[in-house]
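Here are the chains, one letter per residue:
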Amino acid sequence: MNPLLVALVAPILGAVVVSFVPNLFARLQYLASLFASAVGLAAVLFVTANFSSTDASVQFAIKRSFTAEAGVAFSLGVDGISLGFLLISALLCFVSLLVRGRFSSTVGFHFQQTCSAMLLVQAALVGVFCARDLIVLWCFWALLVLSSFLLVGLSGGSRRLLASSKVALSGFASLAILLGLFLYLGGQAHAIGGRFEFDLDVITRVLMPLSSQYVAMGVALVALGLALPLVPLSGWWSDTHAQSSALACSVMFLGPALYVFIKIVVPCFPLAAFNLMPWVAGICLVGSAIAATASYFEEDIRRRVAWVGCVQVSIAVVGLSSLNAQGVMGALLISGVSALSLGGLMLCLNHHPSESSSTTPLDAEFVTFLPKAFAFSSALLPGLGGFAAAFTAMAGVAAADRTNAQAGMPRPSLEIEPLWLVIGSVFCAIAVGAALVSALSGSAGLARTERLGLRAVPLWALLVLLLILGVRPQLWYAHVEACTNRYVVEMQKKVQHANASPQAPPHLFPNARSMLVSTLQAKP
Amino acid sequence: MNQAIASALPSSMNHVWIMVCSALILVLGGSVTSIPAAWLTTLGALAAAAAAVSGMQTLGSFADAQVLWSSAVVVDATAIATGVICALATAAVLAVSVKSQTISQSAERHWPGLVLLTSSSLMFAVHANHLGTLLVATEVAALGQVALLGVGRAQARGSEAASKAVVVSAVAFGLSAFGMALIFGGSSGLMDYGSLAKSFFAHGPSAVAMVGAMFVIAAFLFRLGAAPFHMANADLIDGAPLPSSMFSVSAFRICFAVATLRFLKLGFLSPSVSADVTGIAQILGWVAALSMLVGAVGAVRQESLKRTLAYLALSQIGFSVLAIVALSQGSHLAVTALGASLLGQVLALSVAFAALSQLSAAHEGFPFVDDLAGLAQSRPLLAVSLAVSLLSVSGMPFTVGFGGYFTVLLSVFSTPLMLPLGCVGLLAFLIGLYPTLRVIVAMYFRESARTWPDHNPPGAAAILCTGTLTLLLFGIVTAPWLAWSRHLVP
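Sequences listed follow chains A and B, in order. Position in the first sequence (first residue = 1) + 176 = our numbering. Position in the second sequence (first residue = 1) + 1 = our numbering.
Possibly wrong hints are sitting among the right ones.
Using 25 Å as the maximum straight-line C-alpha spacing, the simulated DMTMM-like pairs for lysine to aspartate or glutamate come out as follows [what the hints assert, rightly or not]:
{"hint": "1", "chain 1": "A", "residue 1": "K342", "chain 2": "B", "residue 2": "E140"}
{"hint": "2", "chain 1": "A", "residue 1": "K669", "chain 2": "B", "residue 2": "E140"}
{"hint": "3", "chain 1": "B", "residue 1": "K165", "chain 2": "B", "residue 2": "D65"}
{"hint": "4", "chain 1": "B", "residue 1": "K165", "chain 2": "B", "residue 2": "E140"}
{"hint": "5", "chain 1": "B", "residue 1": "K266", "chain 2": "A", "residue 2": "D377"}
{"hint": "6", "chain 1": "A", "residue 1": "K669", "chain 2": "A", "residue 2": "E245"}
{"hint": "7", "chain 1": "A", "residue 1": "K342", "chain 2": "B", "residue 2": "E304"}
Quick caveat, the hints were computed from the structure, so don't treat them as lab data.
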């Protein structure tokens with residue numbers, strides 16, 4: 177059996193089983209959830225162990241026709257870019273359940289539903305990161321939004337209903353826009369090749385006129401800006417973190433928006449991405465500078481952590497804007513490290529009155545090493561993953577001009593001096609670092625963490641992972657490099673191709689039609 | 002003699018004969034007071050299920066369309082498939098209404114016969130191949146619906162619903178009759194579908210016939226409750242007893258939708274008549290946009306669960322009409338989209354109303370959204386059923402509703418002229434999620450000291466479990482039912 181299928185199905189089956197276990201057996205519910213989550217994680221670890229890092233193509237692929245007429249296929253697979261997302265999502269979900277899923281007042285009255293929702297989140301994340309079909313990806317993302325909505329609403333602060341509504345509103349608004357975009361892309365494939373196609377490998381060959389690419393890219397940016405979130409579309413983000421339980425917060429930092437941006441938006445709209453990305457990165461940085469400043473003055477540490485998440489996403493987008501291998505790899509590592517460190521930090525915090533009955537709220541002097549270490553990693557300090565990631569991304573940005581020139585690429589039409597992007601990113605990193613460290617240093621007295629006892633063991637494991645990534649980031653890059661290189665080369669080819677044929681009517685790639693038709697004909 | 006009977010009552014319409022005969026038997030049985038009402042209702046449900054099985058068998062071996070009774074009716078795959086769904090929906094309605102406390106005691110005994118008679122008329126409306134047949138069948142079915150709407154225990158609201166249904170039915174009848182007269186006059190005295198289609202495809206409909214067609218379409222939209230003819234629809238569904246409401250949004254709706262489509266395909270939707278989004282297609286485009294938006298926005302504002310469902314059902318009708326517009330533009334996928342949309346909404350709404358019937362039984366009345374607080378704790382399976390059915394009505398993935406939404410939107414987005422309508426569809430999808438999430442919030446997030454009595458009429462419980470599993474199964478395994486749903490489009 178394909179291990180990806182196991183990683184997907186095990187949490188779903190677990191959620192169903194947990195739903196049928198009576199509430200009297202809360203311990204059994206918890207153990208069943210842990211077991212299902214662990215099986216999913218084991219399957220992902222198996223995939224990671226057997227993943228060929230030199231192979232840039234999709235591995236562990238599985239494909240079954242869903243609706244042939246509409247061109248949708250249940251297609252799963254993993255490549256270098258998705259592997260990291262997949263591993264971290266499975267790991268984080270399992271650790272969150274292990275640390276915070278204990279049956280206590282942490283999740284209280286709705287324990288059964290919380291466990292089921294958490295397992296659904298894990299399945300949805302695995303589905304999103306493995307999907308090789310746009311509609312399948314969209315469906316899993318919708319499942320993720322729905323289960324996150326449940327997770328946030330089931331436990332947390334007194335205003336958690338409002339927070340869950342915001343999760344649903346932003347999530348589904350983003351999804352509705354993306355559905356329109358995906359359907360439009362499917363329609364374009366139909367117009368060129370005579371049949372609907374949503375396969376990722378095929379759809380990225382549908383090359384549209386430049387004007388359409390700009391519009392589609394703008395629409396995608398709005399949708400993904402809502403989901404990532406990017407300032408100024410991030411109004412829901414900090415409120416949600418302030419009111420959610422630690423369990424819900426911990427898994428929200430690895431949203432699929434950045435992944436979709438890298439895997440779908442940039443390859444589908446290459447010219448628009450190439451020309452717009454520097455400005456997009458610039459706007460993101462301005463927004464994140466505001467977010468970083470706001471985070472420094474926030475009274476609530478959860479809000480601070482949420483804003484830090486926003487800033488880190490922006491820095492990842494800056495890295496991506498270089499569109500060279502270093503920048504993309506750095507962006508990928510930032511998103512992974514950010515999810516691990518901010519998720520770990522959230523799991524250490526205990527804030528809500530509803531969550532505190534079984535725990536010991538601590539004064540400043542009790543703030544232990546563990547949350548501080550996660551905060552340092554989030555603050556991009558050297559040695560804990562974050563620094564290595566940011567450094568790689570910024571190196572990519574600084575080298576963007578040179579790598580573009582070497583590859584024979586033109587200059588982007590909306591250009592920003594890379595140095596400004598690097599300076600902006602460094603400023604934001606310092607600001608969020610200061611905000612986090614001051615929150616946990618005790619002087620502000622804002623932070624509350626709890627003694628986790630044995631439950632801290634998995635968090636220590638996360639910290640060790642962050643340390644390894646900080647000291648030996650090559651371990652990550654080795655898995656990502658082949659795929660990233662191919663990704664960048666394909667992108668450069670598309671841009672060069674268009675640049676070499678400027679006489680082509682409205683910037684339509686001259687052989688776009690033949691490329692797609694031959695691909696479609698080659699398919700059974 | 003046998004041959005004469007066989008040609009007059011062909012075996013390909015066995016499902017209709019089973020319904021008609023059962024209806025007559027149950028009408029007679031209703032006057033025998035020694036037979037318990039629950040038995041009659043159960044018998045009716047079994048008869049409807051048998052009709053569905055018979056229809057499925059016929060469909061499996063069916064070859065060519067047959068025109069019967071001097072071109073008055075046609076037997077084709079569409080009519081049989083629609084009959085199967087109608088019979089299944091009728092069986093579900095009757096199963097839910099066994100020991101239902103929402104139907105008045107005086108009407109309980111006549112209820113199953115009345116439901117089967119109305120279903121039989123609906124089936125004839127789908128088989129209609131002549132304007133006269135269509136007029137008579139739809140009117141008889143509409144009268145049946147009026148009677149069904151007025152038999153609730155809540156007398157005042159039931160009477161109000163029934164009186165509004167009478168008005169709607171009268172207006173629709175007037176429009177239909179007038180429109181058909183104009184078509185008759187505008188097409189030199191043609192009434193049967195074959196001759197009308199031949200004439201329209203050869204020369205195009207005359208202006209008088211087009212005006213007549215618009216009257217007939219308006220009548221159908223009135224009966225389907227599409228915007229802007231939706232004013233009374235929510236009141237009808239809200240005031241009627243639950244099984245009647247369920248019947249209105251399932252059997253009644255799918256049969257009228259297919260009958261409308263058969264009428265439209267006479268030539269009023271052909272590309273030669275509306276090569277662009279113009280003419281009737283454009284009017285239908287406005288109807289679709291209005292229905293989707295009014296339904297979604299209307300559902301947001303409702304407190305009553307039944308009214309919420311009524312408005313969501315209106316939004317669904319909008320999506321079906323949108324598929325008809327895509328069909329008029331020559332989208333090949335629109336056939337599947339329309340079938341999937343109709344089948345998906347009938348399934349999802351039926352399960353939602355079945356869940357509601359259990360709630361009403363426990364709640365002693367039709368619940369409001371806020372009354373659902375704590376339902377997930379005391380009745381988890383009922384909460385799951387209601388959540389899944391509402392998510393399906395809203396078109397969420399991994400439920401049957403998504404198949405319809407997705408194929409309709411895809412067929413729209415593949416037609417450049419219809420992109421604005423597609424955007425309206427997406428907006429309606431987004432707005433329509435709010436009422437569903439609101440119900441989920443009430444059931445799962447809010448706590449309540451109240452305990453919901455475990456009142457489970459066996460029929461309703463069976464329908465609920467089977468229905469919920471079907472919604473999820475069809476949401477995951479989509480290809481077979483999407484292919485089957487093409488039968489629903491003539």
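Taking the hints in turn, this is what the structure says about them:
1. A:K342 / B:E140: At roughly 48 Å apart (the allowed maximum being 25 Å), E140 of chain B and K342 of chain A break the hint.
2. A:K669 / B:E140: violated, 66 Å
3. B:K165 / B:D65: violated, 41 Å
4. B:K165 / B:E140: holds, 15 Å
5. B:K266 / A:D377: violated, 39 Å
6. A:K669 / A:E245: violated, 32 Å
7. A:K342 / B:E304: Roughly 21 Å between the alpha carbons, so the hint for K342 of chain A and E304 of chain B holds.
Consistency note: the structure conflicts with the earlier hints numbered 1, 2, 3, 5, 6.
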